[in-house]
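In my numbering, the protein residues as written are 1 to 274.
Keep in mind that the hints were calculated from the coordinates and are not lab data. Be aware that a few hints might be false.
[What the hints assert, rightly or not] Label pairs and their computed distance ranges (CB to CB):
no.	residue 1	residue 2	range
1	E237	P115	19 to 29 Å
2	R213	P108	31 to 41 Å
3	S113	D256	36 to 46 Å
4	G168	E119	11 to 21 Å
5	S113	D272	29 to 39 Å
All of these numbers come straight from a predicted model, not from anything done at the bench. Even for Gly, the Cβ is constructed at its ideal location relative to N, Cα and C.
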Amino acid sequence: MPWAKASGAARASASRTSARVRRSGSERVMGRGGNGVLQCPLAASLAPEARPAPPCRTPWRQSVGRATTTGCPAPPPGPACGAESLSFLTGTPGMTPLEDPAPADQAPAHPESVPIDGEGLRHALRDFASPVVIVTCVGAGGPRGATIGSFASASLAPPLVTFNVTHGTRFHEALQTAPSFAVHLLAEDQASLASRFAVPDLDAQLDGVAHTRTPLGLPLLADTLGILLCRPSGQMEAGDHTLQVGHVVERIPGRDAGPLLYFRRSYRGVGDEV
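Go ahead and model the full structure; you've got the sequences and the hints to work with.
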């Protein structure tokens, strides 16, 4: 039948046509000569030089300062890949590495050291503030006292204190036989009292000075910040001074005031809190 032949030819043509399958703007060529690759009409319209480079299988690495970039085995000419994103490290676009800055905590070099003698040590210690106390005792020649700028706590168990005494003074001589001594912590308004007892061999030191005596005759000065009653616990010769150690056995409380200090060859009080 003629219409049957025509129908069979149409079916064959439709079968050949169905070899082309269109999917969302792309087509896969399945007929003769087709390679089965999905082709995009937009990609085909691009010029070869405008097409994006295919991804590479073996990336290259390049270090810039402390950063590392990754790219293809042969970087394109011109600025290196990722240079714009690294410009905040280098300061200018490109791959120029940064110079390591100097450490922030690097201190300037100290001046050269110089030899020092006793006078040089005295001068250096002028910039060091020291507490001022008066130590009194009763020796073979009677009661004596001295202003001391080297007083310090040496131990808490047992409670020990130390100070230095100049050789050849009457106070040094009295201290060698004294069974006890008293350390007076001076207030900031007692600079005149400190100056009085700073004279090594002043006669009648206690004349006009408000004080009391213990049963053993030990002078106790009035209006101080407190008094430490001590027994001698040992001595050590230290150059032109004797280092005296005292064992504190009693404390007499005093008034509430700021302490007296010695700084840069003058008596001073405590300044503002820092």
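Cross-check of the supplied hints:
Distance hint for E237 and P115: a CB-CB separation of about 24 Å, consistent with the stated range 19 to 29 Å. For the pair R213 and P108, the beta carbons lie near 57 Å from each other, so the given range of 31 to 41 Å is not met. Hint check: S113 to D256, Cβ distance near 44 Å, so the stated range 36 to 46 Å holds. Under the hint 11 to 21 Å, the C-beta atoms of G168 and E119, about 19 Å apart, fit the expected range.
Distance hint for S113 and D272: a CB-CB separation of about 33 Å, consistent with the stated range 29 to 39 Å.
Hint violations for this structure: number 2 only, all remaining hints satisfied.
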